[in-house]
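Colleague: Chain A is fixed; fit chain B onto it per the hints.
As they're listed, the protein sequences go chains A and B. Counting in the working numbering, the final residue of the first sequence is number 312, and the numbers go up one at a time with none missing. Counting in the working numbering, the final residue of the second sequence is number 195, and the numbers go up one at a time with none missing.
Source of the hints: derived by calculation from the structure; they are not laboratory data. Note that the structure is predicted; figures quoted are calculated from it, not measured. Heads up, a few of these hints could be off.
The calculated SDA-like cross-link candidates involving lysine to any residue, where the alpha carbons are at most 25 Å apart (straight line), are [what the hints assert, rightly or not]: (1) A:Lys200 - A:Pro248; (2) B:Lys30 - A:Pro74; (3) A:Lys43 - B:Pro81.
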Amino acid sequence: MRQIQVKDITKAVRDLCIDANYNIGQDVIDALKKSLKTEESPTGKEIIEQILENDKIAQEEQVPMCQDTGFAVFFVDMGDQVCIKDGNLFKAINEGVKQGYTEGYLRKSILDDPIKGKNTGDNTPAVIHLNIVSGDKLKISFAPKGGGSENMSEIKMMKPSDGIEGIKKFVVDMVKRSGSNPCPPIVVGVGIGGTFEMCAQMAKKSLFRPIGSRNPDPFYAKVEEELLEEINKSGIGPQGLGGRTTALDVHIEVFPRHIASFPAAVNINCHAARHKEAIL
Amino acid sequence: MAEGKKITTPLTDEVVKSLKIGDKILISGPIYTGRDQAHKKMVDLLEKGEKLPFDVKGQLIYYVGPSPAKPGKVIGSAGPTTSGRMNKYAPILLKAGSKGMIGKGEMGGEVPEALKKHTGVYLATVGGAAALVAKSVVANELVAWPELGAEAVSKLTVKDFPAIVVQDSYGGNLYVEGVKKYQRA
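Okay, chain A solo, but in the shape it has when bound:
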């Protein structure tokens, strides 16, 4: 068994929180620059240029690119040969979130109770999805998820007879209904299959993939491209003020389903599509 100290996990998480919120990924920058070539709306172009300038300022001055530094969401792949030393994995991650959000001057946006809530003051607790895999590594993937885009998310228990066309219609309608709210240009995460809760989780997980990556199954890769084209015909455009660039990408994740069930979930990310990972 390989031992990993909790203090190393905490340090890695602290750094991920700050890095993800200050430094947007190259995948987002490349996609925004590419969209400048196809965007027809002058206002739309100006908005994309402002976003690129904003992301540059955030990087240079080491400040958050967006004031909504999100709910801290983690997908953790823990090797079965890993032993966590001197503490608890979830506690170590939450301690890293606390340190990262405090020392990085990130906004604390978490209420301790959905109804009676007051701010927890350090942006904990994090949402942690743990997966056990083969090997002796600990992979921590992090995405700070903003409220504006998270609110534009939906899950639907569809009928198997709805087929892939039904799913496509659900996704495109959902994006149209969301309009200007999730801060377009957006990234659209889609889960298909599994159970109710797993489907939603797949939609979220798909947002951790880099923009431009395709589902390994050519069938779903093609659906991703078709959906992207369809969404960009909607005219919503940057910030919902009209234009060609509504989405930068569509990601689909799938899982086997029950013969009677056909769940589909959409989870939207804003243009500040932050995601970073660390491997210990």
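Modeller: Positioned in the frame of chain A, the structure of chain B alone reads:
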């Protein structure tokens, strides 16, 4: 940096009437921050016939909850939050004398009617462009409810704060017009 027509707060009806959807503007002067919880408190005060913690006449309310300021900085990142959550509150503040709102995303409910009735304007600034927007904030002074943290009401003094007129006092709505223009079958 962005270009546009310069306006100074507090706004008069004449200035508001001169603003049409699609206009790029640069705002200078004081603006007041407030979002979900601060609006609930402000509207509660108005409904009880009490005074707001600041003179709202002619002022713009900015829907924002900034990130904490780093040492030596006036403010942290300060982009707009989704305005639709304030649909219920905005008409009440317009009635009380406010001349408009700054945020992101379409405003519905009674808002378009209230903009016409009280000669108000809704301005959008780019959502997520929070580091850029923060550069136009030159002063930041707490006005009320510090216990709300990022949601407290502050008076920001801005210089050439970039915004776009998205819903005007004539019922114009760029979210509708813009999308219509670029929609394809």
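Colleague: It remains to establish, for every hint, whether it holds in the given structure.
Modeller: Okay, the hints, checked on the actual structure:
1. The hinted pair formed by lysine 200 of chain A and proline 248 of chain A meets the criterion: a straight-line CA distance of about 19 Å does not exceed 25 Å.
2. A C-alpha spacing of about 17 Å is found between lysine 30 of chain B and proline 74 of chain A, which places the hinted pair at or below 25 Å, so the restraint holds.
3. This hinted pair checks out: lysine 43 of chain A and proline 81 of chain B have alpha carbons roughly 23 Å apart, not beyond 25 Å.
Checked against the numbered hints above, the structure violates none of them.
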